[in-house]
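Protein chains: 2
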Amino acid sequence: MAAIQLTERQKEIILIVKENGPITGENVAQHLNLSRAALRADLTILVMAGLIDAKPRVGYFYVGDNSRTIISEKVMEMKVKDCKSRPIVEREEASVYDTIVKMFISDVGTLFIVSQGGILQGVVSRKDLLKVTLGQGDLQSMPVNVIMTRMPNIITTTLDESIYEATKKIIEHQIDGLPVVRPCEAEGPNFGLPEVIGRFTKTNITRIFLELLEGD
Amino acid sequence: MAAIQLTERQKEIILIVKENGPITGENVAQHLNLSRAALRADLTILVMAGLIDAKPRVGYFYVGDNSRTIISEKVMEMKVKDCKSRPIVEREEASVYDTIVKMFISDVGTLFIVSQGGILQGVVSRKDLLKVTLGQGDLQSMPVNVIMTRMPNIITTTLDESIYEATKKIIEHQIDGLPVVRPCEAEGPNFGLPEVIGRFTKTNITRIFLELLEGD
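Residue numbers (full-length UniProt numbering), protein chains in the order written: chain B, 1 to 216; chain L, 1 to 216.
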């Protein structure tokens, strides 16, 4: 996709076609007190942009602004690896108490629980921790793996997944973020298991959105 | 802004200009084994789109793809009222325990604490509640207004603020969302005070972003 800043005259033509279409180029020119020739380039641009269309022996008509809400190819091609954050992890043997402390220190909403070698075992959210603190258990002795959401019930993403697909997962599953994983390459028992290498969250998406609006 | 889907030939022209620019139209045509006349429309479109530029007696040169990362006027004109969610509120006299229960039932990350008439008094997050549950206090008897973040230390938005400005506030202040307020119109002591009428969060932004990518 490419973007064209419409001129005032082009915007006026769209309005005229919207209200009067189908309308001949001749008649559009009359509305503007211009010659047909003077409008030729503008009409061509607007047709190419998909804002108006032309039918032989009928004239120009308005197509709608569906093509105006666009995002460039660049964004559609963005991948998780282009904007992920580093993962905040806790060992699966850690106590619930230690996990809460870690969550406060790192100021994230979700911690990934890993086994030796950084293999993803579970996910714990502020909500999970809040629930357990209301109970009667001893937070110092209770291991976090008792309360975490476990694999395979965790939605993950990968470095090469598109931002679009990852965002869809977040909305569809109503979660705040996804662990970014890759198959562990170390030989041994962990080989091929999901190693946590990042996180992709609504905060990352909000930043991308802001950069888009700022034209970065 | 308007969007134009580039043709394969137009993409090829961009590449040629990028690698060989400044380059005359004649030379671009040679690269493609086409006549100069056959390229005239494409070159015009690419210049109008700001992807290449032309200097007299020099030729065409590549401008860069900064203009390609765009968002339509429609999104820039979107306001908080177009995509806010309903607010989840709790009375300021409620106990911490009741507030936690409300947070679980409504499944939100932030509750707005209000006085009689829905006037914003404070904000409580999961993080605030998690912190207090670790302490020694009695959650049933402790009022939530003891632990909430109070006005005027709350960042708010309004129905008519642009999505862009509201998103900037969320990123700059590192928060998950904003209460949407308007001056209370009821006569009496509340007149003019901030009445809570919605919330605008990273979830709303994530939804807008997804809709953009899907071209809705």
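Among these hints, one or two may not hold up.
Note that identical chains are pooled: a pair holds if it fits in a single copy or bridges any two copies.
[What the hints assert, rightly or not] In silico BS3-like pairs for lysine-lysine, Cα to Cα no more than 25 Å straight-line:
1) Lys169 - Lys18
2) Lys168 - Lys79
3) Lys55 - Lys169
4) Lys79 - Lys11
5) Lys55 - Lys11
6) Lys18 - Lys55
To be clear, the hints were calculated from the coordinates, so they are not data collected in a lab.
Comparing the hints with the structure gives:
When the C-alpha separation of Lys169 and Lys18 is checked against a cutoff of 25 Å, the pair qualifies neither within a copy, at 38 Å, nor between copies, at 37 Å. Taking the shortest Cα distances, Lys168 and Lys79 sit within 25 Å of each other both inside one copy (13 Å) and across copies (23 Å). Taking the shortest Cα distances, Lys55 and Lys169 never come within 25 Å of each other, neither inside one copy (42 Å) nor across copies (47 Å). In the homo-oligomer, the alpha carbons of Lys79 and Lys11 lie at most 25 Å apart only across protomers (22 Å), although the nearest pairing inside one protomer, at 35 Å, exceeds that limit.
Taking the closest pair of Cα atoms, Lys55 and Lys11 come within 25 Å of each other only inside a single copy of the chain (20 Å); across copies the shortest separation is 27 Å, beyond that limit. In this assembly of identical chains, Lys18 and Lys55 lie within 25 Å of each other by CA distance solely inside one copy; the values are 15 Å within and 36 Å between copies.
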